[in-house]
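So the sequence lines, in the order shown, correspond to chains A and B.
Going by my numbering, the first sequence opens with residue 1, and the numbers climb by one from there.
Going by my numbering, the second sequence opens with residue 1001, and the numbers climb by one from there.
You may find that some hints are simply not true.
[What the hints assert, rightly or not] Calculated pairs, SDA-like style, for lysine to any residue (alpha carbon to alpha carbon, straight line, at most 25 Å):
1) B:Lys1013 x B:Ile1177
2) A:Lys93 x B:Val1070
3) A:Lys164 x B:Val1070
4) A:Lys164 x B:Glu1018
Bear in mind the hints are in silico, worked out from the structure with no lab data behind them.
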Amino acid sequence: MNYFLIFFSAAIVNNFVLSYFLGICPFVGVSKRVSSAVSMGMAVTFVMLITSVVTWLIYHLILVPFEVEILEYVSFILVIASLVQLVEMFIRKVSKPLYDTLGIYLPLITTNCAILGLALFSVLREYSFMESVVFGLGAGVGFTLALVIMAGIREELELAPVPKYFQGAGITMIVAGGLALAFMGFAGMI
Amino acid sequence: MSTQLSLKAEFVKGLWRENPVLASLLGLCPTLAVTNAAMNGLAMGLATTFVLLMSSLMISALRNFIPYQVRIAGYIVIIATFVTVADRFLAAFLPEISATLGPYIPLIVVNCLILGRQEAFSSRNGIGRSLLDSLGMGLGFIFVLVALGIIRETLGSGSIFGVTVLGDWFTPWMVMILPPGAFLTLGILIALANWYNDSSSTTPRSTDKKAIS
Chain A
1 MNYFLIFFSA
11 AIVNNFVLSY
21 FLGICPFVGV
31 SKRVSSAVSM
41 GMAVTFVMLI
51 TSVVTWLIYH
61 LILVPFEVEI
71 LEYVSFILVI
81 ASLVQLVEMF
91 IRKVSKPLYD
101 TLGIYLPLIT
111 TNCAILGLAL
121 FSVLREYSFM
131 ESVVFGLGAG
141 VGFTLALVIM
151 AGIREELELA
161 PVPKYFQGAG
171 ITMIVAGGLA
181 LAFMGFAGMI
Chain B
1001 MSTQLSLKAE
1011 FVKGLWRENP
1021 VLASLLGLCP
1031 TLAVTNAAMN
1041 GLAMGLATTF
1051 VLLMSSLMIS
1061 ALRNFIPYQV
1071 RIAGYIVIIA
1081 TFVTVADRFL
1091 AAFLPEISAT
1101 LGPYIPLIVV
1111 NCLILGRQEA
1121 FSSRNGIGRS
1131 LLDSLGMGLG
1141 FIFVLVALGI
1151 IRETLGSGSI
1161 FGVTVLGDWF
1171 TPWMVMILPP
1181 GAFLTLGILI
1191 ALANWYNDSS
1201 STTPRSTDKK
1211 AIS
C-alpha cells in the first residue's frame, strides 16, 4: 500500500472520529470554539506522530523478539501516558506560547482512545515503520479536521433554536451523525 | 459517614439517574462503535462490566497502598491487565465475537467510564460498596448498549439478536448499521432520556400549577 493511500484513508475515508468512533470524548467536550478545537487537534496530531514511532519500536524491537506480545496493552498505555507527560514538560521548556495554547488539553490526551487505537490498528494491520508514521499523521489530520468542522457548526448552533430536550449532548450527536453521513460520501474512493 | 448513600442506592444510581452513558456521557466510543447488532452490544457490555468489577475489587482493596502521585498510572496498569484477561478469554472461547469487536476490546483500557469510577469511587470506598457501585454502573452500561443495539439492528437489518423479526416487506435502513446511524440513534436516545426525566420529575408540580392558575 502506498503512503498517500494510507494517509488519505486515515484522514478522510476512515476518519478516526466519524467512522471508527475513536476520540469521541474530546470531540464532544472540546468542540465548542474553533480556536480551542485547532489547538486540541494540533496537540493530538503531535502526540499521535510520536506515539506511532515509539509504539512501533517497542512492539517490533522489544515485545516481538522477547515473545511477550501479551503485554501489548499494558506497555502501550504506559508508554502513551509517560509520552504525554514528557511532551508536556518538553513543550513547557521549549515554547511557552505553545504550552499556553495546548496546556490544558495535553493531560487529556492520555485517555483519548484515538491514541491507543492508532497504536493497536498499526500493529493489527502489520504496517512497516514508515507506513505507521504516515498512518499516525493521517489520523491526526483527520481528527483535527473533524474537530474543527464540528466546532464551526456548534458556533453557529448557539444561535439556532434547538428543541429543549436535544440541547447539549443530543444535538451534538445528531450533528455528528450528519457529518458522518457526509464523510461516507468518500467511501467509494479507495 | 452519615452522608453516605444506602447500599441499595449505591447500586441503583448507575442504572438510570447517574447512567454512565445517558447522564455522564462516559464510554461513548464503544457505545457507538459496537452497537450495530444487539449481540455485539451485549458482549461489549459484559466485557466492560467484568473489567470494571475486577478493577474496582483490586483498587478498593489496594487503595491504602497505592501512592497518591502515581495512582492514575497504577489504575491504568490494573485495568489493562484485566482487559488482557478479557481479551484472551474472548479470543479463546468466543472467537467470532472477538473477531467482530476487534480492537474495541483492547480499547476498554481507555474507556473513561472505568478510570472515572476508580478515581471517583473505588479509591475512596470499601470493597463491598465499590463492587455494588461497579455492578450498577456496569448494568447501566449494558442496558444502553443493548438498547442501542436492538434499535439499530431492528431498523438496519430487520432482526434482533440475529433472529429475523421484520419480514420481506421491510427494506432495511442500511444507514442504521453504518456510523451515522450510531450518532443519530444515541442523540435521539439522550433526548428521550432528558424528556423522560423532565416529565417524570415535574408532572406533579405542573398539575399543581394548573390547579393554582
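Here is how each hint holds up against the structure:
1. B:Lys1013 x B:Ile1177: The given pair, whose Cα atoms are some 30 Å apart, is violated under the 25 Å limit.
2. A:Lys93 x B:Val1070: 23 Å, holds
3. A:Lys164 x B:Val1070: 43 Å, violated
4. A:Lys164 x B:Glu1018: Given that 25 Å is the threshold and the Cα spacing comes to 20 Å, the pair holds.
The structure does not agree with the numbered hints 1 and 3 stated previously, though it agrees with the rest.
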